[in-house]
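Undergrad: What follows is each chain in one-letter form.
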Amino acid sequence: DAGVIQSPRHEVTEMGQEVTLRCKPISGHDYLFWYRQTMMRGLELLIYFNNNVPIDDSGMPEDRFSAKMPNASFSTLKIQPSEPRDSAVYFCASSFGGPNTGELFFGEGSRLTVL
Amino acid sequence: AQSVTQLDSHVSVSEGTPVLLRCNYSSSYSPSLFWYVQHPNKGLQLLLKYTSAATLVKGINGFEAEFKKSETSFHLTKPSAHMSDAAEYFCVVSGGDYKLSFGAGTTVTVRA
Numbered sequence: 001d002a003g004v005i006q007s008p009r010h011e012v013t014e015m016g017q018e019v020t021l022r023c024k025p026i027s028g029h030d031y032l033f034w035y036r037q038t039m040m041r042g043l044e045l046l047i048y049f050n051n052n053v054p055i056d057d058s059g060m061p062e063d064r065f066s067a068k069m070p071n072a073s074f075s076t077l078k079i080q081p082s083e084p085r086d087s088a089v090y091f092c093a094s095s096f097g098g099p100n101t102g103e104l105f106f107g108e109g110s111r112l113t114v115l
Numbered sequence: 001a002q003s004v005t006q007l008d009s010h011v012s013v014s015e016g017t018p019v020l021l022r023c024n025y026s027s028s029y030s031p032s033l034f035w036y037v038q039h040p041n042k043g044l045q046l047l048l049k050y051t052s053a054a055t056l057v058k059g060i061n062g063f064e065a066e067f068k069k070s071e072t073s074f075h076l077t078k079p080s081a082h083m084s085d086a087a088e089y090f091c092v093v094s095g096g097d098y099k100l101s102f103g104a105g106t107t108v109t110v111r112a
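So the sequence lines, in the order shown, correspond to chains A and B.
End of the first sequence sits at 115 in the working numbering; the numbers just go up one at a time, nothing left out.
End of the second sequence sits at 112 in the working numbering; the numbers just go up one at a time, nothing left out.
Please keep in mind that the hints were generated in silico from the structure rather than gathered at the bench.
It cannot be assumed that every hint is accurate.
Claimed, not checked - Beta-carbon label-pair distances, calculated as ranges:
1) VAL12/A <-> MET83/B: 13 to 21 Å
2) MET15/A <-> ALA104/B: 45 to 53 Å
3) ALA54/B <-> THR76/A: 23 to 31 Å
4) SER58/A <-> ALA104/B: 44 to 52 Å
5) LEU115/A <-> THR51/B: 43 to 51 Å
6) LYS69/B <-> GLY98/A: 31 to 39 Å
7) THR101/A <-> SER80/B: 25 to 33 Å
8) GLN45/B <-> GLY98/A: 38 to 46 Å
9) PRO79/B <-> ILE55/A: 18 to 26 Å
Said to hold, decoys possible - If the Cβ cut is set under 8 Å, some of the chain A residues that face chain B in the computed set are:
10) ALA88
11) PHE91
12) GLY102
13) GLU103
14) GLY109
15) LEU115
These figures come from a predicted structure and were not determined experimentally.
Just so you know, even glycine gets a beta-carbon here, dropped at the ideal spot from N, CA and C.
Model the full assembly from the supplied sequences, consistent with the hints where possible.
TA: Put into C-alpha cells, the structure is as follows:
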C-alpha cells in the first residue's frame with residue numbers, strides 16, 4: 001500500500017481565500033484523523049471519523065473549518081475564509097480499530113501558509 | 001483526562017553513544033503509551049507501544065522503552081545513536097476517552 005496520501009504538500013494563499021486539503025487513507029482502515037501542527041501548540045486533533053462518520057469535531061477551531069468524508073477512500077478539510085493564524089502543517093492519519101490501538105499511520109502533511 | 005510531559009525539549013548526543021528521552025504521563029485510566037518519531041518534513045511514525053503487557057517494550061530501529069507505573073514514566077532509550085536517529089520524538093498517551101494526547105516533542109541532534 002502507498003500509505004496515507006495527502007495533497008497538496010504545500011499551499012500558499014492569501015487571507016480570505018478558500019483552502020481545501022485532501023486525504024486518501026490506507027485501504028481497509030476504518031478511522032481517519034485530521035491533526036494540525038504548529039510550533040506554538042504542537043499537535044492538535046481537529047476531527048476524526050469512524051466508518052466515514054464524524055465522531056468528534058471538538059478540536060475544530062471555529063466555523064471556518066469543515067471536514068467531510070464522502071467515502072472510505074477520501075476526506076477533505078476545508079478552511080473558508082482562511083486567515084494568517086491558520087498557517088500550519090495539517091496531517092491526515094488513518095488507523096484500523098481506533099485511536100486506542102495507538103497505531104496511526106500519518107501522511108506527510110500539507111504545509112499551509114496564509115499571507 | 002490524560003497528559004504527557006516530555007522533560008527535555010532538545011537532546012544532543014554523539015554518534016555511537018546512548019540516547020535517553022524522558023516522558024512522564026498522567027492518566028485516570030490504565031494507559032496505553034506510545035512513542036512516535038517525526039523526521040524533517042515527514043509524517044509521524046510509530047516507534048513502539050505499551051498496552052499493559054510486558055513493561056519493557058522493544059520497537060523499531062533498536063529503540064526500547066520501559067513502563068514504570070510507580071514513577072509514571074515511559075522513557076525511551078537506544079544504546080547507540082546513529083546519524084539517522086536525528087528527528088523529533090513524541091511521547092503519546094491514550095486514555096479512556098479514545099483520544100491520543102501528544103507531548104510537546106523532543107528534538108534529537110546526533111553529532112558525528
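Undergrad: Each hint should be assessed against the structure and marked as holding or not.
TA: Cross-check of the supplied hints:
no., hint, verdict
1, VAL12/A <-> MET83/B: 13 to 21 Å, "violated, 32 Å"
2, MET15/A <-> ALA104/B: 45 to 53 Å, "violated, 28 Å"
3, ALA54/B <-> THR76/A: 23 to 31 Å, "violated, 41 Å"
4, SER58/A <-> ALA104/B: 44 to 52 Å, "violated, 21 Å"
5, LEU115/A <-> THR51/B: 43 to 51 Å, "holds, 44 Å"
6, LYS69/B <-> GLY98/A: 31 to 39 Å, "violated, 24 Å"
7, THR101/A <-> SER80/B: 25 to 33 Å, "holds, 30 Å"
8, GLN45/B <-> GLY98/A: 38 to 46 Å, "violated, 19 Å"
9, PRO79/B <-> ILE55/A: 18 to 26 Å, "violated, 41 Å"
10, ALA88, "violated, 14 Å"
11, PHE91, "holds, 6 Å"
12, GLY102, "holds, 4 Å"
13, GLU103, "holds, 5 Å"
14, GLY109, "holds, 6 Å"
15, LEU115, "violated, 21 Å"
Going through the hint list in order, the structure does not satisfy hints 1, 2, 3, 4, 6, 8, 9, 10 and 15.
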